[in-house]
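A.B. asks: Each chain, letter by letter, is given below.
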Amino acid sequence: GQQLNQSPQSMFIQEGEDVSMNCTSSSIFNTWLWYKQDPGEGPVLLIALYKAGELTSNGRLTAQFGITRKDSFLNISASIPSDVGIYFCAGRLQGAQKLVFGQGTRLTINP
Amino acid sequence: EAQVTQNPRYLITVTGKKLTVTCSQNMNHEYMSWYRQDPGLGLRQIYYSMNVEVTDKGDVPEGYKVSRKEKRNFPLILESPSPNQTSLYFCASTLRGGLSEAFFGQGTRLTVV
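Sequences listed follow chains L and G, in order.
Here the working numbering is used: position 29 in the first sequence is 29, and no number is missing along the way.
Here the working numbering is used: position 52 in the second sequence is 52, and no number is missing along the way.
Isolated chain L, as found in the complex:
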């Protein structure tokens, strides 16, 4: 069953605002991945995190692997219309190979 809690489930923001979303779990993960899904497309990898405390940026996106290994966050700075979509976190449990996905955060941007 679902082992990741992703929040918020949806966000409605103005263009130019910063965005923050996170995933938490009661279990320990050894990998965190953040994906974006555009309408009608498959998820595309944004950022991969492999070490506790790791902070990684990809353009306007920044993600961190929580120090407890039970959470991760994704920030988007100065949002633009093409940031619209569904963002998923995914984690790999310690000792496991399969990915577990969060429920997704649907981002809507008002121009």
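Misleading hints may appear alongside valid ones.
To be verified - Chain G residues, not near chain L, derived (Cβ > 10 Å throughout):
1) K18
2) N26
3) G40
4) R44
5) M50
6) E62
7) G63
8) R68
9) E70
10) K71
11) E101
As the list claims (entries may be wrong) - Just a few of them, taken from the derived set where beta-carbon distance is under 8 Å, the chain G residues facing chain L:
12) Y10
13) G42
14) L43
15) Q45
16) Y48
17) V54
18) G58
19) S87
20) F90
21) A102
22) G105
23) G107
To be verified - Just a sample of chain L residues kept apart from chain G, beta carbon distances all over 12 Å, derived:
24) S57
25) T68
26) D71
27) G102
For the record, the hints were derived by calculation from the structure and aren't laboratory data.
By construction, the Cβ of each residue, glycine as well, lies at the ideal position given by its N, Cα and C atoms.
With chain L's structure known, arrange chain G on it following the hints.
C.D. replies: Structure of chain G alone, referenced to chain L:
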């Protein structure tokens, strides 16, 4: 170009009529998997395969079958589809036995009436 290809992209079928959704990857990845995406539930794993002839159940395997006769192909089979299998399906492949990032296909939207 490295990619995961699913077919068809859209399918409408009737209850009980067997169907197959194909998935092919050109990256020589070992690990492949199938997910279904439903509103509010995110992506749930149906089946996965760690290599040729090695498959195992994911979180929601009921009503589905898979096979892995070749490394590049991982078809999803619905022997007797039912309306509760109406969903958006994604195939994904991963390089190192599941220990690295997953790459997704473009999705197959299935409607069972």
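A.B. asks: Now look at each hint and say whether the structure bears it out.
C.D. replies: Right, here's what the structure says about each hint:
no., hint, verdict
1, K18, "holds, 25 Å"
2, N26, "holds, 15 Å"
3, G40, "violated, 6 Å"
4, R44, "violated, 7 Å"
5, M50, "violated, 7 Å"
6, E62, "holds, 14 Å"
7, G63, "holds, 18 Å"
8, R68, "holds, 15 Å"
9, E70, "holds, 21 Å"
10, K71, "holds, 17 Å"
11, E101, "violated, 5 Å"
12, Y10, "violated, 10 Å"
13, G42, "holds, 4 Å"
14, L43, "holds, 4 Å"
15, Q45, "holds, 6 Å"
16, Y48, "holds, 6 Å"
17, V54, "violated, 12 Å"
18, G58, "holds, 7 Å"
19, S87, "violated, 14 Å"
20, F90, "holds, 5 Å"
21, A102, "holds, 6 Å"
22, G105, "holds, 5 Å"
23, G107, "holds, 5 Å"
24, S57, "holds, 17 Å"
25, T68, "holds, 21 Å"
26, D71, "holds, 16 Å"
27, G102, "violated, 6 Å"
The structure fails to meet hints 3, 4, 5, 11, 12, 17, 19 and 27 from the earlier list, while all remaining hints are met.
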